[in-house]
Amino acid sequence: MTVYPPPSLGLDNRKFGMWTFLASEVLFFAVLIANFLVLSKQDPLGTFYGVDTGRELLNIPVTAFNTFVLLTSSFTVVLALKSIQGGNILQFRAALVATLAFGSLFIGIQMYEYFQLIVHEGLNMSTLFGATFFTLTGFHGAHVFGGLIWLTIILFKAFGVMGGFSKEDYMGIEMFGLYWHFVDIVWLLLFSLVYLI
Amino acid sequence: MSTHHETESKLHKHPNYFVVFIALAVLTATITTIELMSQNGIIAWPRATLNGLYLAMSITKAVLVALFYMHLKIDSYIYSILFGVPIVFALIFFALLLI
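The listed protein sequences derive, respectively, from chains S and P. For the first sequence, our numbering gives the first residue as 1, with consecutive numbering after it. For the second sequence, our numbering gives the first residue as 1001, with consecutive numbering after it.
With the rest of the complex left out, here is chain P (with noise of 0.2 Å):
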């Protein structure tokens, strides 16, 4: 386990902020794009590939996030036990409404 002092002198050492921003952006332009083109008849792909794509999407971008804007990445990863653990919880608790 990395101590306090390691951690915040990684923590010093930051990611290309900008070309996260910029993925996050065209990841949330090409998902409305889609999603305009198909409202138009502009493209016919199932509704529930452009729903798996609209989440799979989705939870990249927020893990880009977590990974690089709060530095779970680089920081103690008992942080991402602590986090983790209750996205767990909502996806089995997403899981049991479905049945």
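Just chain S, same shape as in the assembly (with noise of 0.2 Å):
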């Protein structure tokens, strides 16, 4: 196990690294949240489809089942921290798999919604509405994707291939952790703000 010298703050510094990252992510969102909200009011689509906007085009029930899967996985990935700290690895790995298929069916869902709008709705890039829905609930699902791929990467480390975690070691599930919990919190306020308000 590698030991890093703790910076003069007392904190960990791949920890400190993974928040400061979170921080510039929150930036970014607010700009694509901001970009949803003032464009996708505006746009002549309302008129096409007879609704005041594209929002009606959304499918609630599914939405909201899949920000169930996505809780779901949140929830299997502290179930995964705390089963290393316990030391308890049969736990630990069936948490990270169970994330794992959380975390792609949740990508699935999204997949089947696009695929939904786009060719049974008509809805394209091409209107405001259209553009800044999916410019915003994509980048979400890219970084669901970009998770989902470190995920792959920590569970071949689970199962022992490249190393391993330990009671000890840790700090790799953590830092996973916080990203997914991250995006877990992004996806909890769109679900409101872009199917419901």
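Just so you know, the hints here were simulated from the structure itself, not pulled from any lab data. Don't take every hint at face value.
Stretch-level coverage of chain P by chain S, calculated; a stretch enters the list once three of its residues show a Cβ under 8 Å from a Cβ in chain S [as the list claims (entries may be wrong)]:
(1) 1023-1036
(2) 1052-1063
(3) 1081-1094
No experiment lies behind these values; they were computed from the predicted model shown. C-beta: ideal position from N, C-alpha, C; glycine also.
From the two separate chains plus the hints, produce the assembled complex.
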């Protein structure tokens, strides 16, 4: 296990770095959300479809279920961290596999939603609502996808390839957890701001 | 300020994650049900009330995740400041957009 000297703040460098990255991500998503909130309401799409905005095209029950899926994946990540800190390797591995499954399901459902919107509802990037909607939710989806790649690498390590995790060495899981929970937080806000409000 | 080791030992005292998960699921189910009831004419609350409710419940969920799943409640306060400052900037940005 590599032991890093604590910086002047008495904090772990890796964790501090991750929180700094997440701080930058807050502003990244803030701009995208503002972009959506301002531009989507000015869309002439409403006239075309006979509705106020393009929001009426969105499938709320399916997205609510997808929100529940992502919430469950967040729960399995903290379960994985708790398990490795307690030395329960079997539960740790099972929780990580469950996270990968729920994360993949989230992406799958988002792809289904996009397919329905594009093919059956005719929504596309040429409208302001479509452009801002797909940019915002697409960037979030890309973050989930990036997280799944990271999780796959972690899983290799968890199953003994490229080292491994232990009761003493779990920082990799904690940092992944921070990223994953942040992505979850962003989605919880998007669900309300994009689909409900 | 708590030391690195004190913080690490605190992080091993896990909150009840399942209770947090249930709270998050119930809040999500509640706002979804309210919106669907509103769309189907079962309830006729003003749009502004609904939007305020959805926003409040979403922020509550986000805070729950940050405090308990991301351990901001028990971890060093420096992480809270680091994460909180851009949120304040984002809120100022949103406020300026409304002007």
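Evaluation of the provided hints:
{"no.": "1", "hint": "1023-1036", "result": "holds (count 8)"}
{"no.": "2", "hint": "1052-1063", "result": "holds (count 7)"}
{"no.": "3", "hint": "1081-1094", "result": "holds (count 9)"}
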